[in-house]
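Since the structure of chain F is already known, use the hints to place chain V on it.
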Amino acid sequence: MDFASSLFGFLYQCGDAFAFLVLAACGLAVIFGMMGVINLAHGEFIMCGAYVTVATARAGLPLPLAILCGALAAGMVGLIIERLVVRQLYDRPMDTIVATWGLSLIATQGTLIVLGSSMQGVGVPLGSFTVGSYSYSTYRFVLMVAALAILAGLYLAFNKTRFGILARATIQLPHMAESLGVDTKFVYSMTFALGAALAGLTGGLYAPTMTIVPAMGGTFIMEAFVTVVVGGADIFLGTAPAATVLGVVKAAMTSWQGQLFGQIGLLIAVIIVIRVLPKGISGFILRERS
Amino acid sequence: MTSQLQFVRLLQGPQTLGRGPLFWGATGVALLAAVAYPLLADGYTVGNTVYFFTWAFMALGLCVVWGYGGTLSFGQTAFFGLSGYTYGVLTLNFGAAYGFTLVALLASLVFSAAFAAVLGYFLYFGRISGVFLGIVTLSVTLVFERFMAQTAGPEWHIGIARLNGYNGMNGMPPLTLPWFGGSIVLFPDVGLYYLVLALLVLTYLGLRILVNSKFGNVLVAIRENPERAEMLGYDVRKYQLGAFVIGAVLAGLSGTLYTAWGQYITPSSMSITAAALPIVWVAVGGRGDLTATLIGTLAVLSAFQALTIYGSQYALVVMGVLLVTTVLIAPAGLIVTFAKFVARMRRGRKEPA
Chain F
124 MDFASSLFGF LYQCGDAFAF LVLAACGLAV IFGMMGVINL AHGEFIMCGA
174 YVTVATARAG LPLPLAILCG ALAAGMVGLI IERLVVRQLY DRPMDTIVAT
224 WGLSLIATQG TLIVLGSSMQ GVGVPLGSFT VGSYSYSTYR FVLMVAALAI
274 LAGLYLAFNK TRFGILARAT IQLPHMAESL GVDTKFVYSM TFALGAALAG
324 LTGGLYAPTM TIVPAMGGTF IMEAFVTVVV GGADIFLGTA PAATVLGVVK
374 AAMTSWQGQL FGQIGLLIAV IIVIRVLPKG ISGFILRERS
Chain V
2 MTSQLQFVRL LQGPQTLGRG PLFWGATGVA LLAAVAYPLL ADGYTVGNTV
52 YFFTWAFMAL GLCVVWGYGG TLSFGQTAFF GLSGYTYGVL TLNFGAAYGF
102 TLVALLASLV FSAAFAAVLG YFLYFGRISG VFLGIVTLSV TLVFERFMAQ
152 TAGPEWHIGI ARLNGYNGMN GMPPLTLPWF GGSIVLFPDV GLYYLVLALL
202 VLTYLGLRIL VNSKFGNVLV AIRENPERAE MLGYDVRKYQ LGAFVIGAVL
252 AGLSGTLYTA WGQYITPSSM SITAAALPIV WVAVGGRGDL TATLIGTLAV
302 LSAFQALTIY GSQYALVVMG VLLVTTVLIA PAGLIVTFAK FVARMRRGRK
352 EPA
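In order, the protein sequence lines correspond to chains F and V. Here our numbering runs 123 ahead of the position in the first sequence, where the first position is 1. Here our numbering runs 1 ahead of the position in the second sequence, where the first position is 1.
Isolated chain V (complex conformation):
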């Protein structure tokens, strides 16, 4: 009983913003609104909303790696693409019967995690400096994109799944749940919405517990002062590698859900432009906090979607401007800066100077 209570207590701690009845009340209201949303909108709009949610996992993962771990990875989209392609190859080869899509989902995450562990071993155990980590992970992503882009010929296939070069793979089955009396196929509609929403809530709460646990506290200690953390006996490399793998799995989850959602995946999902976008979402909201990252990601994505009406190049220019101004004016992120400001005002009112 007490151990259970402690577990729940980790939901709010020193490493996350937001505590107390007001915050959890607001979270509950937001969750209720999200649950009620499909009742108020048509299936097509709900399906589009799922699209926003699929990206949030990658953003949360980057928040752990960058915001909490202090190591900037530019390669999250590599794991996104890797997972998406894995899901595509597996489901095209083995179909969707007997809940195999769920096996493919898990397999794609395992694959991402394994790749991240190998790459991360070389990076973190080589103790390369922060600046280099970013550009090496970005180089990996770019080479991965170029590799996939040149697989247009018929000789590039895995089983019966053609990789199709720059046009990407398509036609893979959506996620399918085996159920009594026939499977439930989760097309981008209400069903998929609830599945992804549930995953998102679980991920968010799980990560809150993680960053407030011992692992998260050590991770933050390393971010603040790696030498001191090392002197206190923590193996810096293992903790950072752990965070990197978690980030990769979440990016992979995004990739697989995206592939299952749209039933396609292309190499351009790993281009340098695509790789910049997660950085924008996380930086604008506030990389140092999970809640700020989540809200920021969804807000920036909606703004991006709204601007794309005028052409994606205009939307991307706005993203660039947003990123530069955030870094210059509010380096901790707009939402985090705002939250700290509000907290200061409230404290100021309580104790008049």
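Just chain F, with the same shape it has in the complex:
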């Protein structure tokens, strides 16, 4: 019984870390996989989603709807940012990083100016349950399910819908897709908006569990980077396995030495992985396959 309950505890922590990594990284990974661009304002899209979620939830909307509002709002902002800035820089990926970092500065400090240093949050819903001598938050399970659901949803979206097929065609050979009549600009801007909306969804999902401050995106960004670097460019062959491996590493290190060592473990794992697999897990799988 004691062994079983501590095993459950460890699996719960792994699942929790997995959910966090998948949710933190999915928006970033969609944009990176599509355009080869790292969006350094990713954390601020998460922040945007969290703020809108909390604001609408406190205005009386039920939490699931509020979270959707957060995702939609972040997606809209993403669409605007894509039009104004990112579109100008498609042939210069390094400059895109720099520009989105500028946007991140503007967003964090602008939010601080307009909305103040913190915002009253909403409590964690759904209560908790007990296994053995420990109690666990039910909402964390919802987050794990949400992470799996998002992966499944993205898989369906990229493989079964017309947009997904056009998007994959654009990833593979942009010029060929264009000459066959695909509006690649539209595909790019929709993908960017999708990535931003996923970031907003993450922000909304984690909003009840966190303090709502302008710099909250920073909590996610390191984990998101690490997962995308280890995973490589493909979200299904990369992000999901990377999140699984890193989730175990993080949970093990965290239960051994605490939160910070979980992050240090992630960092060391990523530095070793890039030395061995420079193109990430998905690059390795794709090379083996071909």
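Take these hints with a grain of salt, some might be off.
What the hints assert, rightly or not - Partial list, computed: chain F residues near chain V (C-beta under 8 Å):
no. : residue
1   : Gly-159
2   : Val-208
3   : Pro-216
4   : Val-221
5   : Gly-233
6   : Leu-235
7   : Leu-238
8   : Met-242
9   : Gln-243
10  : Leu-266
11  : Met-267
12  : Leu-271
13  : Gly-341
14  : Val-352
15  : Leu-390
16  : Arg-398
Stated by the list, open to error - Counterexamples of contact, computed for chain F against chain V with all Cβ distances above 12 Å:
no. : residue
17  : Leu-134
18  : Thr-223
19  : Ile-229
20  : Ser-258
21  : Phe-264
22  : Val-265
23  : Phe-309
24  : Ile-335
25  : Pro-364
Please keep in mind that the hints were generated in silico from the structure rather than gathered at the bench. Where is the CB? At the ideal position from N, CA and C, for every residue including glycine.
This is chain V only, laid out in the frame that chain F set:
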């Protein structure tokens, strides 16, 4: 004699803007003005000016790594913090007697260089792409910040130096020169000003020689076309690692001088906001040229300081806007774009079409 002459000739070459009597005359005038400046201002203002100068080393280092090497490192502030903390820990433990602060300064630079060499080995020898290099170095910086931020408890100490978590370390001695008949303590005043100014001039001229030497030319060749440089027999990884270590040492020099200047160092010097600022300075001035970077850094820093009166969040928003507009409108940097424009006008006048 001739070899000496060649050495001096490298001060101006294909990799740096600015040549000829006009440029060096202007540089001389600027240097004279900088030397005369403490005679015209009070000690407190001079001490504040040193603050600007301390950051310029990190900017010049980033210029070499990013502008000349073509690999974007977001982790310069990690070396800044690492060096600052090293200086703090060493001087708090061993004091400032017998010129030990200078030993601590050197040790902090060596420490930065060693850390950069290890990290750079994994990054460059893993041949990760440009985009990833930035985010991995940034991740290292952020973890470093979080690590230092949680060292508040009394169990976190090295020797007698407490790390003090988010409040940071303070109370370390300023740089102290041993001298006949008593040491000279360099408080943020005229003395420190001249030391840092001299270091800055030496660094600037040294880097000009470096980027116009064979090393710099190969570095630029790699930036322009890594495959071709490799085919010509250069080990791309070694040159880029070399540039990375030089950048780290200069960032470390900034960190140590800053710590000695203010006698404190905090983890927030490695936060994501702090890490963005060197990028702003270098990008706005023009990452492709040392002179443009130097002037741009000092100009942006003064503007930032002036805006901070209204609150640092406003100043940071302006920095963000500046960065985005520079990237969109003048990707090579405002000063470089302007200099090229002037050069084109002058050429145009000489040869009427």
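Now the hints, each set against the structure:
Hint status for Gly-159 (chain F): holds, given a least beta-carbon distance of 7 Å to chain V, under 8 Å. Evaluation of the Val-208 (chain F) hint against chain V yields a held restraint, the C-beta minimum of about 6 Å falling below 8 Å. Look at Pro-216 (chain F): its Cβ gets to within about 6 Å of chain V, closer than 8 Å, so that hint holds up. Restraint check, Val-221 (chain F) versus chain V: the minimum CB separation of about 5 Å is within 8 Å; hint holds.
At about 6 Å, the closest approach between the beta carbon of Gly-233 (chain F) and any beta carbon in chain V falls short of 8 Å, and the interface hint on this residue holds. For Leu-235 (chain F), the suggested interface contact is upheld, since its CB lies about 5 Å from the closest CB of chain V, less than 8 Å. Against a cut-off of 8 Å between C-beta atoms, the interface hint on Leu-238 (chain F) is violated, since the closest Cβ of chain V lies about 11 Å away. The beta carbon of Met-242 (chain F) is not positioned within 8 Å of any beta carbon in chain V (closest approach about 16 Å), and the interface hint is therefore violated.
Restraint check, Gln-243 (chain F) versus chain V: the minimum CB separation of about 20 Å is more than 8 Å; hint violated. The interface hint given for Leu-266 (chain F) is broken, as the beta carbon of that residue sits about 22 Å from the closest beta carbon of chain V, more than 8 Å. Here the hint on Met-267 (chain F) is broken, as its CB sits about 24 Å from the closest CB of chain V, past 8 Å. Checking Leu-271 (chain F) against chain V: minimum C-beta separation of about 25 Å lies over 8 Å; hint violated.
Annotation: Gly-341 (chain F) was flagged as interfacial toward chain V, and the flag holds, the nearest CB pair being 6 Å apart, inside 8 Å. With 8 Å as the threshold, the beta carbon of Val-352 (chain F) comes within range of chain V, its nearest partner Cβ sitting at about 5 Å, so the hint holds. Hint status for Leu-390 (chain F): holds, given a least beta-carbon distance of 5 Å to chain V, under 8 Å. Annotation: Arg-398 (chain F) was flagged as interfacial toward chain V, and the flag holds, the nearest CB pair being 4 Å apart, inside 8 Å.
Once the 12 Å rule is applied to beta carbons, Leu-134 (chain F) is consistent with being away from chain V; the minimum gap is 26 Å. Listed as a non-interface residue, Thr-223 (chain F) fails to keep its Cβ farther than 12 Å from every Cβ of chain V; the least gap is roughly 9 Å. Under the 12 Å C-beta cut-off, the non-interface status given to Ile-229 (chain F) relative to chain V is violated; the minimum distance is some 4 Å. Against chain V, the non-interface label of Ser-258 (chain F) holds: every CB pair exceeds 12 Å, the least being about 26 Å.
At roughly 27 Å from the closest C-beta of chain V, the C-beta of Phe-264 (chain F) stays outside 12 Å, upholding its exclusion from the interface. Under the 12 Å C-beta cut-off, the non-interface status given to Val-265 (chain F) relative to chain V holds; the minimum distance is some 27 Å. Interface exclusion of Phe-309 (chain F) from chain V stands, the closest Cβ pair being 21 Å apart, more than 12 Å. With a minimum CB-CB distance of about 17 Å to chain V, Ile-335 (chain F) clears the 12 Å threshold, and the non-interface call stands.
Against the 12 Å criterion, Pro-364 (chain F) stays outside the reach of chain V, whose nearest CB is about 17 Å from its own CB.
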